[in-house]
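Number of protein chains: 2
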Amino acid sequence: MTMVNAYDPAAGDLLASADRALIARRARALGPAYRLFYQRPLHLVRGEGVWLYSANGERYLDAYNNVAAVGHCHPRVVAAIAGQAATLATHTRYLDATIVAYAERLVATLPPPLAHVMFTCTGSEANDLALRMARARVGRGVIVTSNAYHGVTELLAGMSPSLGPDVPLHPFVRSVAPPGHDEPDAAVRFASRVAAAADELAAAGHGPAVLLLDTILSSDGVLGGPAGVIAPAVAATRAAGGLFIADEVQAGLGRVGPSFWGFCHHGVAPDLVTCGKPMGNGYPVAMVACRTDLAQAFGKVRYFNTFGGNAVAAAAGIAVLDVIDDERLASNAAAVGDDIRAALADLSDRTGAIANVRGTGLAIAADCPTPTAASTLVNRLRDRGVLISATGADGRTLKIRPPLPFAAEHADQLVSCLADVLR
Amino acid sequence: MTMVNAYDPAAGDLLASADRALIARRARALGPAYRLFYQRPLHLVRGEGVWLYSANGERYLDAYNNVAAVGHCHPRVVAAIAGQAATLATHTRYLDATIVAYAERLVATLPPPLAHVMFTCTGSEANDLALRMARARVGRGVIVTSNAYHGVTELLAGMSPSLGPDVPLHPFVRSVAPPGHDEPDAAVRFASRVAAAADELAAAGHGPAVLLLDTILSSDGVLGGPAGVIAPAVAATRAAGGLFIADEVQAGLGRVGPSFWGFCHHGVAPDLVTCGKPMGNGYPVAMVACRTDLAQAFGKVRYFNTFGGNAVAAAAGIAVLDVIDDERLASNAAAVGDDIRAALADLSDRTGAIANVRGTGLAIAADCPTPTAASTLVNRLRDRGVLISATGADGRTLKIRPPLPFAAEHADQLVSCLADVLR
Numbered sequence: 000m001t002m003v004n005a006y007d008p009a010a011g012d013l014l015a016s017a018d019r020a021l022i023a024r025r026a027r028a029l030g031p032a033y034r035l036f037y038q039r040p041l042h043l044v045r046g047e048g049v050w051l052y053s054a055n056g057e058r059y060l061d062a063y064n065n066v067a068a069v070g071h072c073h074p075r076v077v078a079a080i081a082g083q084a085a086t087l088a089t090h091t092r093y094l095d096a097t098i099v100a101y102a103e104r105l106v107a108t109l110p111p112p113l114a115h116v117m118f119t120c121t122g123s124e125a126n127d128l129a130l131r132m133a134r135a136r137v138g139r140g141v142i143v144t145s146n147a148y149h150g151v152t153e154l155l156a157g158m159s160p161s162l163g164p165d166v167p168l169h170p171f172v173r174s175v176a177p178p179g180h181d182e183p184d185a186a187v188r189f190a191s192r193v194a195a196a197a198d199e200l201a202a203a204g205h206g207p208a209v210l211l212l213d214t215i216l217s218s219d220g221v222l223g224g225p226a227g228v229i230a231p232a233v234a235a236t237r238a239a240g241g242l243f244i245a246d247e248v249q250a251g252l253g254r255v256g257p258s259f260w261g262f263c264h265h266g267v268a269p270d271l272v273t274c275g276k277p278m279g280n281g282y283p284v285a286m287v288a289c290r291t292d293l294a295q296a297f298g299k300v301r302y303f304n305t306f307g308g309n310a311v312a313a314a315a316g317i318a319v320l321d322v323i324d325d326e327r328l329a330s331n332a333a334a335v336g337d338d339i340r341a342a343l344a345d346l347s348d349r350t351g352a353i354a355n356v357r358g359t360g361l362a363i364a365a366d367c368p369t370p371t372a373a374s375t376l377v378n379r380l381r382d383r384g385v386l387i388s389a390t391g392a393d394g395r396t397l398k399i400r401p402p403l404p405f406a407a408e409h410a411d412q413l414v415s416c417l418a419d420v421l422r
Numbered sequence: 000m001t002m003v004n005a006y007d008p009a010a011g012d013l014l015a016s017a018d019r020a021l022i023a024r025r026a027r028a029l030g031p032a033y034r035l036f037y038q039r040p041l042h043l044v045r046g047e048g049v050w051l052y053s054a055n056g057e058r059y060l061d062a063y064n065n066v067a068a069v070g071h072c073h074p075r076v077v078a079a080i081a082g083q084a085a086t087l088a089t090h091t092r093y094l095d096a097t098i099v100a101y102a103e104r105l106v107a108t109l110p111p112p113l114a115h116v117m118f119t120c121t122g123s124e125a126n127d128l129a130l131r132m133a134r135a136r137v138g139r140g141v142i143v144t145s146n147a148y149h150g151v152t153e154l155l156a157g158m159s160p161s162l163g164p165d166v167p168l169h170p171f172v173r174s175v176a177p178p179g180h181d182e183p184d185a186a187v188r189f190a191s192r193v194a195a196a197a198d199e200l201a202a203a204g205h206g207p208a209v210l211l212l213d214t215i216l217s218s219d220g221v222l223g224g225p226a227g228v229i230a231p232a233v234a235a236t237r238a239a240g241g242l243f244i245a246d247e248v249q250a251g252l253g254r255v256g257p258s259f260w261g262f263c264h265h266g267v268a269p270d271l272v273t274c275g276k277p278m279g280n281g282y283p284v285a286m287v288a289c290r291t292d293l294a295q296a297f298g299k300v301r302y303f304n305t306f307g308g309n310a311v312a313a314a315a316g317i318a319v320l321d322v323i324d325d326e327r328l329a330s331n332a333a334a335v336g337d338d339i340r341a342a343l344a345d346l347s348d349r350t351g352a353i354a355n356v357r358g359t360g361l362a363i364a365a366d367c368p369t370p371t372a373a374s375t376l377v378n379r380l381r382d383r384g385v386l387i388s389a390t391g392a393d394g395r396t397l398k399i400r401p402p403l404p405f406a407a408e409h410a411d412q413l414v415s416c417l418a419d420v421l422r
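In order, the protein sequences belong to chains A and B. Residue numbering for the first sequence is 0 to 422, as defined by numbering that gives the first Met the number 0. Residue numbering for the second sequence is 0 to 422, as defined by numbering that gives the first Met the number 0.
FYI, nobody ran anything at the bench for these hints, they're computed from the structure. Don't take every hint at face value.
Identical copies carry no separate label here, and so any pair may be met within one copy or between two of them.
What the hints assert, rightly or not - Calculated cross-link-like contacts (lysine to aspartate or glutamate; reagent style EDC-like; alpha-carbon spacing at most 16 Å):
1) K299 x D338
2) K299 x E199
3) K299 x E103
4) K299 x D165
5) K299 x D7
6) K299 x D198
Next comes chain A alone, as it looks inside the complex:
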């Protein structure tokens, strides 16, 4: 399946020869499964705050990357990584104060009864572990949305329909359409689709089922904006005896605003929560959070992840939480996100070239008329020094999710550049 916004080597030669040579070496060393962004891939050499710098000295406003959540190469996170890497980097089978302190800090951001945190290195490992834990209590069945992405392991690839038909869903997985942007009674109808899938899985012997949702429904087209839109579906899952895993790998840690977690924005109580991308600002660290009863049901199985929750990951993670607090990044995400949505809605009214502006905090989307229009727009913005991408089942949704320190001036630049391109 073609990836949205992927570089196509067959589409003609728009590159400097040094980049062409590097792309050839890359293809030789990494093989054919890797993709690059943009018609003219970006060769990056430096990052700072919301800015990325290319090999030929150009500067790009980053309105896309959600991993460098507190800004590229944030000095406090870099110092924490460097300091701890020079001191000690072992694993969780020795006593270490840093890992305990980090787990306590994360638990403090979660509503009770979510009491424990287990560390992995990636969001994929976190979702995989959360499903293993859930299965200690329910069946194998899993319900996801129809263009979901939950990770790269064999278990998760088979419940990630966005990977396309070359990766079929597992027989114990059902996908349902997400709540549509314009769908009347979207929350209730989404819940009835989830309830029907739960019934179907139970009838097939796979129940009670797990509902696994990215709480901002990012790969479905950032459809998780309206507060509470997933709440009836969570209730339907519970009514069927199932469990709800909130996949906060993208939504978590303040991107949706001061509610801090996507599930809090929706006012629902997950049985398990996963997070990943923003946690270490680029350092590989991720987690599963859960209630005590679920930890105990799984606890007879011992859990060990060699790199997961090593002291450097914990030091990086604590620094990220400190920066989010000290720089008030969750409030900033809400305020700047609202401003961008208002400006995009205005642009939509004036030009008609984009529609359905939506999202929460700094997870923002709008639709183009066609996938080609979206791709053209994304590439023209790149040529003007602004980085976004496209997403959604039909690839015509603009995906805007900048680092959290994105300020009013950056929002202005993004919107005015977009207005230029649309003109």
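Based on the hints, put chain B in the right spot on chain A.
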């Protein structure tokens, strides 16, 4: 299932009150699935070379940790991590020279036709991906050894019998006894067990099967020492139309000596190779290496791992390869490993308290008469400032696998301390 060398909170109070308090906080924040090593868990605060330092100022000789492969907090690796983290840490969908250079360096250590490297964050992700890739060419069936450990994902936990009966094997997995230390014609008999398992999987509709082997057979009791002992089994797998994945997560990058990879030590040609633990000296980075035909068979599926092969991981990985070369650590592993085995064999002859000394390079094992004897010995060594652990299906195998800069003086301390304890 009880873990070998796990701390048992019920076994009595041997700890300082500060450590007791930290253990209580840890249990509260991390939940019940985590384990600690030793009857008196070690509270570590600093590492340097082959030394680890505890909170109360004691120094421990590390003869156990294979992640800090080039020595704890090696200054060249720390500098590489700190420098790159301060410069740029994005993902593989932008062009980046560091990741390409690292992939080329790794490919250069591998015999052709292994041509491509795909990056993950952990050995678990690497084995999981290798199996997904293999399945593009063969069936679902997998053959492992009877106390194998291959990782923490749902797919891999179900082919890791060492996790115990609470984690049942998948229906498409068969486990076979590893080549025994004293088994006559061990290589041939192991091959016939593998061939029988392949036949069984084919008959059950799961063939042709993958043979997935840790090339030092570490969790089975470090049984992969004799060069070529797995070669007939690999040939039998190929004869049945299957593929061989060399799990080098523990064996790779010089631990077995100048042959550099466990499969090279055995003179076999894997279809896929995975590596993890030593690659970043603690920074989470791992890989799958493969032939072009396998990469192409999988390449229609796009592969992306958010943190996998970011520039910091690549910088750390390059520094590790540089240090292994410049400090001649692979040769050191062979020489010092041989010396330790000779000294242990002598100790075995003189005391009769340990037996079956074996291994390759700095992957070393010997058997105690009982699991209790092994556990007692491991804990007494810890109390005398030397860290090893125990392993094997019955938990009576001493596991010695120090960082690669382990020198003659460290070997002397390990052996003389062991002699003291055995006296």
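Hints versus structure:
1. K299 x D338: neither (49 Å within a copy, 40 Å between copies)
2. K299 x E199: Neither, since 31 Å and 31 Å both go past 16 Å.
3. K299 x E103: neither (23 Å within a copy, 43 Å between copies)
4. K299 x D165: Classified as between: cross-chain Cα gap 7 Å, same-chain 36 Å, threshold 16 Å.
5. K299 x D7: For K299 and D7, only the inter-copy Cα distance (14 Å) is at most 16 Å; the intra-copy one is 49 Å.
6. K299 x D198: Answer is neither; intra-copy 30 Å and inter-copy 34 Å both fail.
Of the numbered hints listed earlier, those contradicted by the structure are 1, 2, 3, 6.
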